[in-house]
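**Student:** With the hints as constraints, model all of the structure from the sequences given.
Protein sequence lines correspond, in order, to chains A and B. Okay, so the first sequence: first residue is 1 according to the working numbering, each after it adds one. Okay, so the second sequence: first residue is 176 according to the working numbering, each after it adds one.
Simulated from the structure, these hints should not be mistaken for lab results. Take these hints with a grain of salt, some might be off.
What the hints assert, rightly or not - Stretch by stretch, here's where chain B covers chain A in the computed footprint (C-beta under 8 Å, at least three residues): (1) 5 to 11; (2) 19 to 30; (3) 36 to 42; (4) 143 to 151.
What the hints assert, rightly or not - Which bits of chain A does chain B cover? Going by a derived footprint, with three or more residues having C-beta under 8 Å, they are: (5) 104 to 111; (6) 114 to 124.
All residues carry an ideal CB built from backbone N, CA and C; glycine is no exception.
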Amino acid sequence: MNDMVQLIEPIIPALRRYARGLVRDRSAADDLVQDCLERAVGHWHQRRADGNPRSWMFAILHNLAVNRFRGQKRRPVHIEIDEAAEPDVARTANQEQTVEVRDILRCVDQLPEEQRSVLLLIAVEDLSYAQAAEVLGIPLGTVMSRLSRARNRLIELMDGAATEQLSKPFLRRVK
Amino acid sequence: MNLRPISEEELHAFVDQRLDVRRREEVAAYLEAQPAVAKRVAAYGRQRELLKTGYASIADEPIPSQLNLASIVERQKRPALASWWMSAAAAVVMLCAGGVSGWALRGVTQSPQGIAALAQEASASYAVYAPDHVRPVEIKASERDALIDWTTQRLGRRVAIPDLSASGFRLMGGRIVATAHGPAAMFMYDDDHGTRLVMLSRRMTVDQNMPMAPQTSGTLNGYTWSDNGLGFSLVGPATPDRLHPLADEVRKQTSPDI
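**Tutor:** Dropping the structure here:
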């Protein structure tokens, strides 16, 4: 039992971060992580003893998130850059964060869920490609093609965001 | 130098630092000669940095109390108390807040799901039918075909009746039993000492493919698993050492492709 706590506890911050990337809303993300922890505790004896607990936890979390999206019969609400309310976008932002960081957080939110999850697992959580494949239950080749699409799409979105910054600098604060 | 062509995958592996030293140098040399590709790869790298920075603060936040692992473990140790308390709390909320918000809490009051639920249902079927000396089964082993027809019709899927005679257990017969998750097929076996085993099988909407998990309550042991949307639980008053190979045998016979 102590074993379990020692293995799971250090993963919680990363689980929260990944959940937030998936569902955006802070309390919904933490509810998801809570579900994930409950399942992990309840099913601890069922995990493969030689498996990586980190991948296993991420897989549980990911499946719960996907089931939740399905249950809602739709993906989380798509938010246009211009419509994104400031507090939501600034959810992780602090004063020192650059415009570029804020832009990428907005842009990554616009990626389709399947591309976003691959990118977050690899670029933010530092999972290996094989671990990401295991977490998402997809072949390695699919991981690579989604990663590639995610990154290229993100370049386009970031270019768009940068252009927008330049072209309408004065329209932002009108209200 | 004859350079192995660089693949798109390797460009990503370069960014994610997943290449070995030698290949990393080869890719770096290639990028020096290919400014357009280098620009794209640099953009990938910049994305990585920005994402790391952007999401870093979430992992640094203090962990909210709802995610306190010790209390989650504690709660699961006392499932009966916890669920009583939660049901009571949910009932209060429903009374106060009315139907709509109460309905939103239905998840909280749900009983176990998936194979955990199936394991409970198998134990309950054992407790009700195995001690029955008058009519433990509805259809006897001699009418095996009728039993298969009935269970197939009610479950909407054919469940093979495992043959455990090599391990000394004879099929007594079976019946359909009610569960909160729909009809289940129950088959009962006994050996020369009168030890009875119950196998319960039903369709699964949750946990459609789960590895075999052991369960114990009092003197009753069991193994529960699911394959391709069909769940199985074998329970009986036998030791895990004796029951486990029987469960493996059941699994082998019910899912020939495993």
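**Student:** Are the hints correct? Go through all of them and say.
**Tutor:** Hints, one by one, checked against the model:
Proximity of the segment 5 to 11 of chain A to chain B, defined as three or more residues with a beta carbon under 8 Å from a beta carbon of that chain, is established by the 3 residues found. Restraint check on the segment 19 to 30 of chain A versus chain B: 3 residues with Cβ-Cβ distances below 8 Å, three needed, restraint holds. Closer than 8 Å: that is the beta-carbon criterion, and the segment 36 to 42 of chain A has 4 residues meeting it against chain B, so the requirement of 3 holds. A stretch counts as covered by a chain when three or more of its residues have a beta carbon under 8 Å from one of that chain; for the segment 143 to 151 of chain A and chain B the count is 4, and the coverage holds.
Coverage of the segment 104 to 111 of chain A by chain B holds. Counting CB-CB distances below 8 Å, 3 residues qualify, and the rule asks for three or more. Remark: the segment 114 to 124 of chain A is confirmed as covered by chain B, as 5 of its residues place a Cβ nearer than 8 Å to a Cβ of that chain, reaching the required three.
No hint from the list above goes unmet by this structure.
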